[in-house]
Amino acid sequence: MMPAWLASDWTIPAGLDDFLWTYGHLINSLGINGLLALSMYVVLAVGQLSLGQAAFMGLGAYSSVLMTLTLKLPFYVVLPASCLVPVLFALAVGVPTLRLSGVYLAIATIGLGEVLRALYLNVDVFGGALGINGIPERAQTWMIFGMLILALLGLWLVGRSRIGRAMEAMREDATAAAVMGVNVPGYQLGALVASAVLAGIAGCLSAHQSSFIGPNEYGFEPAVTILSFALLGGIGTPVAPVVGAWILTLLPELLRGFSDLRLVFNGLIIVVAVLFLPHGLLGWRMRRRAA
Amino acid sequence: MLRRTLLATLLIATPVLAQTSAVMAQPIPVGSVEILSGPAAAYGIAIKSGMELALDEVNAKGVLGGRKIALIVEDSAGQKDQGLNAARKLIGRDKVIAIIGPTLSTEMFAIGPVVNERKIPIIGTSTTATGVTAIGDYVFRTSLPESDVLPVTLKAAMARGVKTIALMYANDEAFAKSGFEVMKATADKVGLKIVAIETFGSKDSDFSAQLTKIKALKPDAIGLSALVEPTAGVLLQARQLGFGKETQFIGGNGANSPKLGEIAGPAADGLIVGSPWFIAKKDQVNADFVAAFRARFNKDPDQFAAQSYDALKILAAAIDRAGAADSEKVRDALLKTDYSGVMGAFQFTPGRDPASTSGVVVLTMQGGKFVVLE
Amino acid sequence: MHDLRAGPYLCLVPRTMLAQQLVNGVLLGATYALFALGFTLTFGVLRVVNLTYGFYFTAGAFLALWLTRHLGAPIWVALPVASVGAGLIAVVIDFLLLTRLRRKNAPELASLMVTIGGVLALYAGMTAWVGPDVQRLPPGLISAEAYDIAGLRITQAQILILVATAVLVAALLFLLRGTRLGLALRAMAERPDAAGLMGINTGRAAALVSFLSGLLAGAGGVLIGLNFNAIQPFMGESMMLRGFVVIIVGGLGDIRGALIAGLLLGVLEVLTAGYLASSLKEAVAFMILVAVLWTRPQGLFGTSTVRRA
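Chains as they are written, first to last, in the working numbering: chain A, 1 to 291; chain B, 1 to 374; chain C, 1 to 309.
By construction, these hints were calculated from the structure, which means they are not laboratory data. No false leads were slipped in.
Derived contacts from chain C toward chain B, CB cut-off under 10 Å, selection only: (1) T16; (2) G131; (3) R136; (4) A144; (5) P233; (6) T272; (7) Y275; (8) E282.
Keep in mind that this is a model prediction, so the values were computed, not measured. Even for Gly, the Cβ is constructed at its ideal location relative to N, Cα and C.
Use the sequences and the hints to build the structure in full.
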């Protein structure tokens, strides 16, 4: 099940072991950010925009950490359960705003991130500004990539099915899709819920591989970063946003030498990619559509 | 066949030979993770400046009989993931034997366990939150925790007739919050009456609601725990709202920066703050440090620069005493530190915190500059 | 959840405190409204959530800093010059980032994305250039002394903010409702494609709107920088989130709505911090946002139907 080259307790050459340790966190981040990019993709695929992926991730992270530390639940229970709280919040935000144009969902989800940040800061059980530390490392690399592959497969199958066609129709023109009998609000809410599930699981995995979570990790800026994953890659297929996430995760590491100018490059790359590749780096679609 | 063996011998022998001679001249890799970009970059940059200054002085003589220290400073951008990647890169690729940093206590909670697991000593120079050194046996800090500084400050305030106090703190900053908790506990212990507790956000610029409320309660003093920018903002607005000399402002560690005077100007006058270091300290070591810092960076050093300057020198001395560029030996040598630097005499407790609080002085702001409180 | 000692003092609150808190709230609200004016204008006319908007706020403040510090300009010169400068910067950035997308009729999301990348690069570049430190306008630029009116305290900078907000709102309303140009802009807001057919030069109109919004943001940056006396590269970013709330609650593109929503938000935040708990202050904005989205998504003062998906 787990790829041998990813396992740290295998007998592998010392050099490779060192390499894996050095880049262990980065490799895990690739998987987690891939999941986050997919959670963004699901929403974008129905023509909506959510800036709440980081907030959903935070809910998954905090709720799962509390399950692990206070309820002492085993990880195989915690991981699937970590999507429950994010889904509840997705419904609370999605139901009123999905009736409106996309901008409303975007702004309401930014609001969600801020409300939650205030909550984490002021309620004792979340540790306030000091966050929660001493989280056991339960998330293994193979779990992270296993979830990513599962999510990719699932979304690929959905994308090829009738649902996928309906989603694409909505993205092109929601009004026309509604006229053709597509249950637009239903699909949109479903997509938001699915995205909350993915982000919640990503949050749980990320929290259980870095020993510390804090209230300032799930705000506006990470939300923007997650959005840029998906838009850089493009949303033609589920693979594209994952590639986008990988590029933007590796970029800061590759540009380490530039220190101060790193964020400038990061921003400019996004600008250039969007201006000259408006459908993302991987603009191809799953199927050819008749024009 | 013979030729092949010979070749093989050569291939094996050459690098070994080269290595032994290179070891002598090879610089000793030391890493650092600090915030060099993003909104909190000012702190990381001050810390980096302090280390660079110390590095030049250390490398002029060298350690372990003339070897230089190669300092590799990585940027965490204040983000957990980047900080973790940076620490792993320093250990895995650059093979550093020790790490200085990171800038924030919350970053230490993420990075500390990883570095500790690899048995590499890591020395925080600005991580004042409670619980930092409890992460593990390889986690040190040279910054005095607030619990050592605040009792001195509050007692000085009481000597000036303060009996009641209102506390204000930035509740979104680990450093500020743990400073506040210490301030509250200390106030209770020394018998100050707390009349109000108010919070704000580190990025806030408006504090009028909290200050107006406090003003109606007429406390003798206001204790502030926040980074320097919001602290200055609170002071400026307090003066606008009519707080005068009758209210004693007391700063936490964050207020101890020359930037306070620069931003708040005369509004900061009269504030008192306890400090393990201050720029006008009269001993020779400190005077030399301040002069050298000004000459090189064209600005005044702050406490973050002073702390990191000492930290690098403490580490260099420990490497020297360890007798080898070996993390385990350096850790043991660090515990036996007995050093006198710009911050004064310095030793570690067995719990790897600073041992001595004798260096704490209470400063007061006068005309935009800190002077020792008489 | 709330502060330990917030409760018992409610009874001790003197009436002057309430009056002062209301003044505080109106002043804070005026800064929100001032910030949101240009934001709601760009959104209303150009239909772009332009995240670079916060950067013009920063740019205005830094231009004023440079003018006053190095050229010794008084505030009466620095304020208009810096505002116009910020407006010009906005035109250039808008041209670089958005014209191409506008011409290609690219989806809304692409425009949002490009401004995200743009603003990231701009803030980081600004930080690399001027440093992340908080900087301060030269002392004596404006008197820091507060006027004491019947026990209420208000400073010159605060009066300036109130006056500027009122003047700018009046000027904008006149421009939009009383001039031919305003008619063209409103036409563009309603039906961008039809406006083009009607002979409105949409490219030039977009440049004008960018200029106006940059000007408003720049003016806000100077005044708010002056009031809180803290200028640093990321100052625009921290205003953005409140800006979002104000323009939604006020109704997208609604100038008067933004003014009222800004004031309302300021007053409610101050009253929450003053009488409930200061830790709740940050959540106020978003509770209002959620309440408005559930009940009146067209904004508190909107009468027209909301643009639906």
